[in-house]
Amino acid sequence: MILHKEEWKSIFNSGCAVLIDQAEMLSKIDAEIGDGDHGVTIKRIAETIKSAVDKWHDDSTLKNFLENLAGQVMGVAGGSASPLWGSFLEGMAQALEDQQEIDEELFKNLFAKGLEAMYEITPARLGDKTMMDALIPAVETIKTSEIDIKGMLQAAAKAAQEGADKTAHYQARYGRAKNLKERSIGHKDPGAVSMALFFTGLSQGINKL
Amino acid sequence: MILHKEEWKSIFNSGCAVLIDQAEMLSKIDAEIGDGDHGVTIKRIAETIKSAVDKWHDDSTLKNFLENLAGQVMGVAGGSASPLWGSFLEGMAQALEDQQEIDEELFKNLFAKGLEAMYEITPARLGDKTMMDALIPAVETIKTSEIDIKGMLQAAAKAAQEGADKTAHYQARYGRAKNLKERSIGHKDPGAVSMALFFTGLSQGINKL
Amino acid sequence: MKMKKFINDPNNLTQELLEGLALSNQDIIELTENNLVVNKKLKVAERVTLVTLGGTGHEPALSGFVGEGMVDISVPGDIFAAPGPQKCLEAIKMADRGKGVLFVVLNHAGDMLTGNITMKAAEKEGLNVIKVVTQEDVANAPREKAHDRRGLVGCVPLYKIAGAAAQAGKSLQEVADIAQRFADNMATLAVAARGATHPATGDMISVLGEDEIEIGMGQHGEGGGGRTKMKSADEVAVLMIEALLQDLNIKSGEKLMLIINGSGSTTLMEQLIVFRKAYKYLEEKGIEVVASAVNEILTVQEAAGFQMFIARMDDELLKYWQAPCRTPYFVR
Amino acid sequence: MKMKKFINDPNNLTQELLEGLALSNQDIIELTENNLVVNKKLKVAERVTLVTLGGTGHEPALSGFVGEGMVDISVPGDIFAAPGPQKCLEAIKMADRGKGVLFVVLNHAGDMLTGNITMKAAEKEGLNVIKVVTQEDVANAPREKAHDRRGLVGCVPLYKIAGAAAQAGKSLQEVADIAQRFADNMATLAVAARGATHPATGDMISVLGEDEIEIGMGQHGEGGGGRTKMKSADEVAVLMIEALLQDLNIKSGEKLMLIINGSGSTTLMEQLIVFRKAYKYLEEKGIEVVASAVNEILTVQEAAGFQMFIARMDDELLKYWQAPCRTPYFVR
Ligand SMILES: Nc1ncnc2c1ncn2[C@@H]1O[C@H](COP(=O)(O)OP(=O)(O)O)[C@@H](O)[C@H]1O
Ligand SMILES: Nc1ncnc2c1ncn2[C@@H]1O[C@H](COP(=O)(O)OP(=O)(O)O)[C@@H](O)[C@H]1O
Ligand SMILES: [Mg+2]
Ligand SMILES: [Mg+2]
Ligand SMILES: [Mg+2]
Ligand SMILES: [Mg+2]
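Residue numbers (this note's numbering), protein chains in the order written: chain A, 1 to 209; chain B, 1001 to 1209; chain C, 2001 to 2332; chain D, 3001 to 3332.
None of these hints come from the bench; they were simulated from the model. All clues stand as given, with none of them false.
Quick partial rundown of chain C residues pointing at chain B, CB under 10 Å, derived from the structure: (1) A2082; (2) P2083; (3) G2110; (4) A2200.
With a cut-off of at most 30 Å between alpha-carbon atoms, the simulated DSSO-like pairs for lysine-lysine come out as follows: (5) D:K3319 - C:K2040; (6) D:K3002 - A:K28; (7) C:K2255 - D:K3040; (8) C:K2231 - D:K3002; (9) C:K2124 - B:K1113; (10) D:K3002 - C:K2004; (11) B:K1063 - C:K2093; (12) C:K2319 - D:K3040; (13) D:K3004 - C:K2231; (14) C:K2120 - B:K1113; (15) C:K2002 - C:K2231; (16) C:K2285 - D:K3040; (17) D:K3280 - C:K2004; (18) A:K113 - D:K3093; (19) B:K1181 - C:K2131; (20) D:K3004 - C:K2229; (21) C:K2231 - B:K1181; (22) C:K2002 - D:K3002; (23) A:K158 - A:K5; (24) D:K3120 - A:K63.
What follows is a list of derived Cβ distance ranges for each label pair: (25) C:K2319 - B:G1127: 44 to 52 Å; (26) B:N1068 - C:N2012: 25 to 33 Å; (27) D:A3323 - B:E1024: 50 to 58 Å; (28) A:Y119 - C:K2229: 49 to 57 Å; (29) D:L3239 - C:N2011: 20 to 28 Å; (30) C:Q2173 - B:N1068: 29 to 37 Å; (31) D:E3123 - C:M2204: 55 to 63 Å; (32) D:S3252 - C:N2012: 24 to 32 Å; (33) C:M2204 - D:K3040: 38 to 46 Å; (34) C:N2012 - D:G3226: 26 to 34 Å; (35) D:V3207 - B:P1123: 47 to 55 Å; (36) A:K28 - B:K1181: 49 to 57 Å; (37) A:Q99 - C:E2235: 52 to 60 Å; (38) A:E6 - D:D3009: 32 to 40 Å.
Computed from a predicted structure; not experimentally measured. Note that the Cβ used here is the ideal one computed from N, Cα and C, for glycine as well.
Just chain A, same shape as in the assembly (with noise of 0.2 Å):
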């Protein structure tokens, strides 16, 4: 299976569709453990990419447009969500030349790039109840996955889902839960949450192509 530009394009849309039906959810559990705006902010920043895939020009390639896409995901004004979020637009980009064409291999070197520029940019890792949580099983699963892009995506999705559902059980060493100390245990983390969605309506995307 290889993904051109157009499957691209309403993979992205699927992903970004579900965080905008959810955003309220997402600000509600924001509420419990943080400052209840991270629906609002994963809103903005589905909009942001939405709106990019629109405009995404015929002669601009994948690496130009998730570059210029990454800048506009950080300059979303709102909570931590949009530098992180950029960063892995802008890591994917660094995986990229001009290919036009997504194969596997290249699939699977785009999440690695992302999740490695989030490694840069955050140390929180494995149980620190945060959004990477949900990404990083999800990288995993991708980087290791014998089989193709759909079953890859499905694969992260369920990973990131269960990710996610784990957080609850942590208690927060990064971002503003943090400050709970023990009382954050409980509520599962809304970045891990919007993360998890993220990678589900990815997965539903590529199933309707």
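Since chain A is already given, all that's left is putting chains B, C and D with the ligands on it; use the hints.
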């Protein structure tokens, strides 16, 4: 009838006792058309007078006593009542030289000079809904009276009381209540009420001699 | 709203806050034994000096503006209450450096009585004092009845201008004339959104409905203007600036000072938003803002709301407004 | 508590307040098209320059401290939110006058992420930038875990000191070392008495019981310390100053900066009363207060409470603190 120092003392103390007794009520009626502190200020003034009476040295004249007292009353932190009462006392002092005994004539003059000092310090006159509505009739009664000091004070207390009662029908033209415009009608002026109470107290004091 | 303040014995509020002011500004002011707040450089001043009086509880006003180029001595009363005339007289004597004293009084009942008694006594003693009264609240009386108008934030820019004129070596009569000219050309309107609690009693000073504001509210929560439903910042700003312009009959081409003074809990964010609208409105009308301030200058505890102040400016007034000064809460 | 603010469209809060700031300080700052707040004298500066970033809604911080002697460019985000790294990068480039840029970041998740991404990009472009992080909240982590500590009011005196060092002609490394030395020797503790409402959503940011205070409250109402019953000003002051002294291990004979920063609706009266007690406590312990400020510096809307800040001072730091500066909300 002639008043000596010891008699002055007990008359003043009696006036103050009534004010201290009614302080809470005075604050309550001030809360309706003013800022609710008239009782607090009046109580401080009364206590200032009482403690000056207690400390009145044998070798100091009534003039001295009143002059010092006027200064102390003016310095009482609080509302408008302090400079007004202080001015009245200062005016009284101006009627005196070094007399130690007060006869009817001097008694009349004392209050007349007190009122004159008030006229200089405030433009408020009868009907303006201030303490002047009690003070003016009281002093006028004393000035025109042909009976003894005891009778004067009794008549003055009655006149002051009537004057204070009438303030309920007036619209305030001075003091805080002025800003309420028509809304001030229907409430008695706290400063007039306290002034009337003071004369009542003085009169009670002289009765007990 | 229940009072929730960081205070100790309510009887010591004034004493303690003045101590804090003096301790945090030891290079600028000193506190005398009987609580006069004195410009440390007064001792060496060879000029007309400034004395003012007024209740506390309105910080930074009034004592926060004592220092070179503004007030030389402030005579603080207790919370919201005028001090006695003796203390004022004492302050005037202490302030007099041989060139006379300008005595600034805000038009509030207690302050005015104290001011008048003080002036009588000063005259008796042959002191060289001129009194200037600030009365610029357009809400509670028309301009023809200026003596009924309350003194609001306008006293503070007046201190600045008169203080600078004094520093420039003007005579007492000249300083008084300049101050009076400024006073005659100023206008303030206040709006309240939520009342304050009295720090000594804990009581609410005034109560407004959850969705109400009152334009024309006085310093201590006494009503005056009308109550209306909460409006947008821009609507309120336009309502207020229009009333002020009309009061002073300001025309296109004139130059103004524009001040937004926060009452206590209205944020600087809001004050800046309101300032912006008033400024733009004036710009559209061809009226130039040549001097401005946006800050908490004269507050009423934690009241929500603000005062909008304008004054007609000329080159001389502007020069004095811009002159250097150094006080705890106004430095230039 | 229902929100009652003088605002317009909640989406325009930042834009409008920055316009107000620029219009009321036209001689000091200008607002660029993309909302950078820039020192008007930056153009002619031949020295190290200062850039900082942070959310709005905390006025006068941060943009109210842009001007000669403090910050050269502030990069405001939206209400309580960090700006994007692009704008920061742009600001750094614009600020650089050939002597390098000190980039001051407060330790808050969003600000730090933006700061880190900005630094990566700046390195890539070969810009001469050093980043200094302020993290002085003693409430939410021990000193050994300083990277977990929140940045509170301490950034503002740091701007002042670093800005003065830059004006004195120090090199970028020297300015950064001075700023870092100051940062390493500062400590803040916050106390909250009543929460604020978020101006964009109208929601309460944090809710405290009618008779409760929380010592160790964060900037946006995130808890941290413990809740206790309301105490007297003196009790709170002593609790807080003791925690701060212990954190920095301050000994008798040392010299301190002491700042009381009002959160919004706590009056200056209260702040002065608290300052007084902390000052006297230090005096008794033989610790000298050589620098101080009592004011609303970094607020959280109409929250009630204050931050108490101390910093260990030496002669060089003191010299820079006392040097002249001119910004909208801090002039010396
Ligand atoms: N340092 C960090 N590293 C990784 N993820 C983080 C970090 N800080 C915060 N997050 C994530 O961001 C989420 C909160 O996002 P958002 O509500 O948009 O930001 P804010 O907390 O600034 O309001 C958290 O749930 C967490 O997943
Ligand atoms: N200008 C004035 N002339 C005469 N009496 C006045 C004047 N102003 C106020 N008063 C009197 O003072 C009373 C209020 O006293 P008080 O409550 O002590 O002062 P404040 O209004 O300053 O709180 C009023 O009820 C009125 O009788
Ligand atoms: Mg959040
Ligand atoms: Mg947020
Ligand atoms: Mg009263
Ligand atoms: Mg009163």
